[in-house]
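Protein chains in written order, with our numbering: chain A, 168 to 416; chain B, 64 to 266; chain C, 64 to 266.
Please note that a few of the clues may not be correct.
[Stated by the list, open to error] When the alpha-carbon atoms are kept at most 20 angstroms apart in a straight line, the in silico EDC-like pairs for lysine to aspartate or glutamate are as follows: (1) A:LYS274 - C:ASP217; (2) B:LYS136 - A:ASP299; (3) A:LYS331 - C:ASP84; (4) A:LYS331 - B:ASP186; (5) B:LYS201 - B:GLU176; (6) B:LYS184 - C:GLU101; (7) B:LYS201 - B:GLU229; (8) A:LYS274 - A:GLU192; (9) B:LYS184 - A:GLU298; (10) C:LYS169 - A:GLU389; (11) A:LYS326 - C:GLU229; (12) A:LYS326 - B:ASP217; (13) A:LYS326 - B:ASP178; (14) A:LYS326 - C:GLU108; (15) A:LYS236 - A:GLU221; (16) A:LYS283 - C:ASP217; (17) A:LYS273 - C:ASP142; (18) C:LYS201 - C:ASP217; (19) B:LYS169 - B:ASP142; (20) A:LYS331 - B:GLU69; (21) A:LYS331 - B:ASP84; (22) A:LYS358 - A:GLU389; (23) B:LYS195 - B:ASP179; (24) C:LYS184 - A:GLU298; (25) B:LYS201 - B:ASP186; (26) A:LYS236 - A:ASP263.
Just so you know, the hints here were simulated from the structure itself, not pulled from any lab data.
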Amino acid sequence: MTYKVKLEAFEGPLDLLLHLINRLEIDIYDIPMSELTSQYIEHLHAMRVLELDELSEYLVLAATLIEIKSKMLLPVHEGDVLDHHNDYEMEDDPRDELVARLIEYKKYKEAANSLKESAEDRSVHFTKLPEDLSDYGEIAVTESDEKMNVFDLIGAFQKMLERKKLRSPLSASILRSELSVSEKMDDIMTKLEKIGGKCPFESLFEDGDVNDLVVTFLSLLELMKRLDITVIQEGNFGQMIVFAGQEDI
Amino acid sequence: MENVNERILGMLESFLFIAGDDGLTLGQLSVLLSLDAEMTAVTVERLRLNYEERLDSGITLRLYGGSYRLVTKAEYADDILRMLENPSKSSITQASLEVLAIIAYKQPVTRVEIDDLRGVKSDGPIQTLVAKGLIMEKGRLESSGRPILYGTTDLFLDRFGLESIEMLPPLIEVDDEPFGDADLFMTKFQEAFELMDEGGNND
Amino acid sequence: MENVNERILGMLESFLFIAGDDGLTLGQLSVLLSLDAEMTAVTVERLRLNYEERLDSGITLRLYGGSYRLVTKAEYADDILRMLENPSKSSITQASLEVLAIIAYKQPVTRVEIDDLRGVKSDGPIQTLVAKGLIMEKGRLESSGRPILYGTTDLFLDRFGLESIEMLPPLIEVDDEPFGDADLFMTKFQEAFELMDEGGNND
Chain A
168 MTYKVKLEAF
178 EGPLDLLLHL
188 INRLEIDIYD
198 IPMSELTSQY
208 IEHLHAMRVL
218 ELDELSEYLV
228 LAATLIEIKS
238 KMLLPVHEGD
248 VLDHHNDYEM
258 EDDPRDELVA
268 RLIEYKKYKE
278 AANSLKESAE
288 DRSVHFTKLP
298 EDLSDYGEIA
308 VTESDEKMNV
318 FDLIGAFQKM
328 LERKKLRSPL
338 SASILRSELS
348 VSEKMDDIMT
358 KLEKIGGKCP
368 FESLFEDGDV
378 NDLVVTFLSL
388 LELMKRLDIT
398 VIQEGNFGQM
408 IVFAGQEDI
Chain B
64 MENVNERILG
74 MLESFLFIAG
84 DDGLTLGQLS
94 VLLSLDAEMT
104 AVTVERLRLN
114 YEERLDSGIT
124 LRLYGGSYRL
134 VTKAEYADDI
144 LRMLENPSKS
154 SITQASLEVL
164 AIIAYKQPVT
174 RVEIDDLRGV
184 KSDGPIQTLV
194 AKGLIMEKGR
204 LESSGRPILY
214 GTTDLFLDRF
224 GLESIEMLPP
234 LIEVDDEPFG
244 DADLFMTKFQ
254 EAFELMDEGG
264 NND
Chain C
64 MENVNERILG
74 MLESFLFIAG
84 DDGLTLGQLS
94 VLLSLDAEMT
104 AVTVERLRLN
114 YEERLDSGIT
124 LRLYGGSYRL
134 VTKAEYADDI
144 LRMLENPSKS
154 SITQASLEVL
164 AIIAYKQPVT
174 RVEIDDLRGV
184 KSDGPIQTLV
194 AKGLIMEKGR
204 LESSGRPILY
214 GTTDLFLDRF
224 GLESIEMLPP
234 LIEVDDEPFG
244 DADLFMTKFQ
254 EAFELMDEGG
264 NND
């Protein structure tokens with residue numbers, strides 16, 4: 168089976184190795200080195216999108232794998248072998264270091280996943296902005312003459328970016344859910360009726376935020392399409408007047 | 064009045080809590096709670112009464128200029144003012160730290176730019192930081208009003224243990240996506256047109 | 064526990080309300096309430112229990128990174144997201160998460176140790192994490208080259224909902240369980256293939 172896997176799907180050579188061990192259902196404490204090595208190298212070939220910098224890291228591990236494999240092929244001196252059933256169970260199994268690395272890496276990889284969950288749990292709790300009482304004073308965050316560090320600055324900056332999100336968007340979404348083109352169309356018609364059937368185009372855009380303006384504009388287009396209103400401009404760059412009903416041009 | 068749903072009350076409180084200073088109008092609350100105006104008003108009043116009746120509550124609800132807002136109860140005003148008194152001259156507040164961060168990374172920078180970034184007025188913190196000698200005037204912008212440009216001082220470097228301003232760790236505004244009004248406008252437009260294309264009623 | 068003064072509870076709530084996102088430490092609260100640390104802790108816990116017990120309460124109390132703050136209850140998250148226009152979750156890459164996990168558990172730790180553990184260079188993720196305010200320099204190792212030692216910040220504790228660094232869940236020892244998490248592996252696999260299908264840059 169050959170397949171191409173994009174490199175970015177792996178966080179590095181150890182990650183790739185863990186992936187292979189899982190896929191091949193290998194016992195990590197008794198890794199068949201030749202199989203793993205050949206699979207690893209096959210994978211490297213399949214990965215087309217390698218940046219040179221990253222490639223070198225993958226190659227370093229490939230070299231390590233080959234080294235371990237060859238060590239295991241060397242005949243074992245009689246005297247080194249302890250009274251065990253398994254031939255490879257020596258004082259120093261050449262795989263030991265690699266296995267230890269893999270286990271250590273896997274530990275933190277799992278910790279990363281649990282951190283991700285913590286962040287998700289945290290993200291369902293929203294907080295409010297501190298009250299702006301700058302006319303009266305502010306709450307101090309440091310005690311007396313404490314030495315500050317630049318990382319406090321970065322923290323403050325990031326916190327501020329976070330707050331900006333909390334501050335601005337609130338009204339926009341609520342307004343949007345309150346406005347609709349059809350409602351606005353009714354509004355415009357009512358307004359026109361009230362003020363004698365015509366009004367300057369601009370006067371319809373006097374208040375409201377971006378959402379309002381868009382909805383107003385779209386409502387006008389729709390009303391024109393339905394011939395409920397007519398818009399007349401008196402010459403180039405002249406004032407545009409909105410009339411209720413059809414008006415002779 | 065008594066059979067206002069507990070969950071609705073909780074939801075209402077959480078909305079008002081997040082909305083903060085801006086508050087929310089009856090109309091907005093009605094949309095958010097999916098209740099008609101009358102029932103919304105009843106729910107809001109229930110929440111207000113709860114606050115007023117509970118002696119262990121430090122906050123209550125007020126209607127200012129058409130918006131409902133959570134505020135601290137008047138009886139704690141003095142305690143809060145006590146909290147705001149700066150205990151020591153050399154201490155620094157969160158607001159000041161924010162302003163200092165902006166000036167350190169964006170210098171030279173005007174007060175208006177700082178206000179824009181923070182979304183609140185920064186006169187107070189700027190004054191404090193000047194008084195503490197952490198920032199100073201670094202000239203004026205050659206535009207109308209010739210606003211003051213602020214930058215950090217040597218004392219700032221000293222206090223933050225920096226050899227030079229270049230030693231500040233880089234700051235990437237990862238989460239600060241460009242999402243200006245113009246973009247918002249275009250997005251809305253497109254959304255609206257798509258809705259219209261689908262056949263009329265945009266609701 | 065039951066004889067916590069009602070007025071003190073109200074005062075505490077009003078302080079926390081004012082402080083908002085900044086929160087207040089046990090030390091600050093102790094000064095503000097004129098109570099000793101132990102009694103302050105008892106009062107804070109009473110307030111938290113009140114919030115948790117009251118079904119009509121939309122807010123509750125949390126300790127993140129040493130600061131107590133009022134937050135909305137989890138059950139209203141969806142309703143609040145509906146209210147917020149652009150609730151972009153700050154995204155963090157898998158690589159950054161791995162580096163962050165290593166730093167969180169092994170701090171203070173050097174870049175070289177992190178690189179060794181992961182088998183890849185971690186400069187990029189480290190820089191991003193510093194810029195995001197999640198990690199910071201915690202001094203230098205007294206050896207050749209005096210490499211920087213990294214540790215996590217209070218903002219990290221806040222963003223990941225941890226009271227303190229001691230509250231990190233213990234690392235799972237791999238020995239205890241059969242190696243090979245088939246599900247995790249399948250996910251990874253599928254992700255990889257999906258990425259291929261899209262044929263584009265995965266960034």
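Going through the hints against the structure:
1. A:LYS274 - C:ASP217: violated, 24 angstroms
2. B:LYS136 - A:ASP299: holds, 16 angstroms
3. A:LYS331 - C:ASP84: Distance ~12 angstroms between A:LYS331 and C:ASP84 Cα, so the pair holds.
4. A:LYS331 - B:ASP186: holds, 18 angstroms
5. B:LYS201 - B:GLU176: Given that 20 angstroms is the threshold and the Cα spacing comes to 15 angstroms, the pair holds.
6. B:LYS184 - C:GLU101: violated, 38 angstroms
7. B:LYS201 - B:GLU229: holds, 17 angstroms
8. A:LYS274 - A:GLU192: Holds - the C-alpha atoms of A:GLU192 and A:LYS274 are around 18 angstroms apart, at most 20 angstroms.
9. B:LYS184 - A:GLU298: Cα-Cα ~13 angstroms, so holds.
10. C:LYS169 - A:GLU389: Violated, at roughly 63 angstroms.
11. A:LYS326 - C:GLU229: violated, 23 angstroms
12. A:LYS326 - B:ASP217: violated, 25 angstroms
13. A:LYS326 - B:ASP178: Holds, because 15 angstroms separates the two Cα atoms, which is no more than 20 angstroms.
14. A:LYS326 - C:GLU108: Not satisfied, since the Cα-Cα distance of roughly 26 angstroms exceeds 20 angstroms.
15. A:LYS236 - A:GLU221: Violated, at about 23 angstroms.
16. A:LYS283 - C:ASP217: Status holds; Cα separation ~17 angstroms.
17. A:LYS273 - C:ASP142: This hinted pair is violated, its Cα atoms lying about 37 angstroms apart.
18. C:LYS201 - C:ASP217: holds, 13 angstroms
19. B:LYS169 - B:ASP142: violated, 37 angstroms
20. A:LYS331 - B:GLU69: Cα-Cα ~31 angstroms, so violated.
21. A:LYS331 - B:ASP84: With Cα atoms ~14 angstroms apart, A:LYS331 and B:ASP84 stay inside 20 angstroms; holds.
22. A:LYS358 - A:GLU389: holds, 16 angstroms
23. B:LYS195 - B:ASP179: Roughly 23 angstroms separates the two Cα atoms, so the pair is violated.
24. C:LYS184 - A:GLU298: The given pair, whose Cα atoms are some 43 angstroms apart, is violated under the 20 angstroms limit.
25. B:LYS201 - B:ASP186: holds, 17 angstroms
26. A:LYS236 - A:ASP263: holds, 12 angstroms
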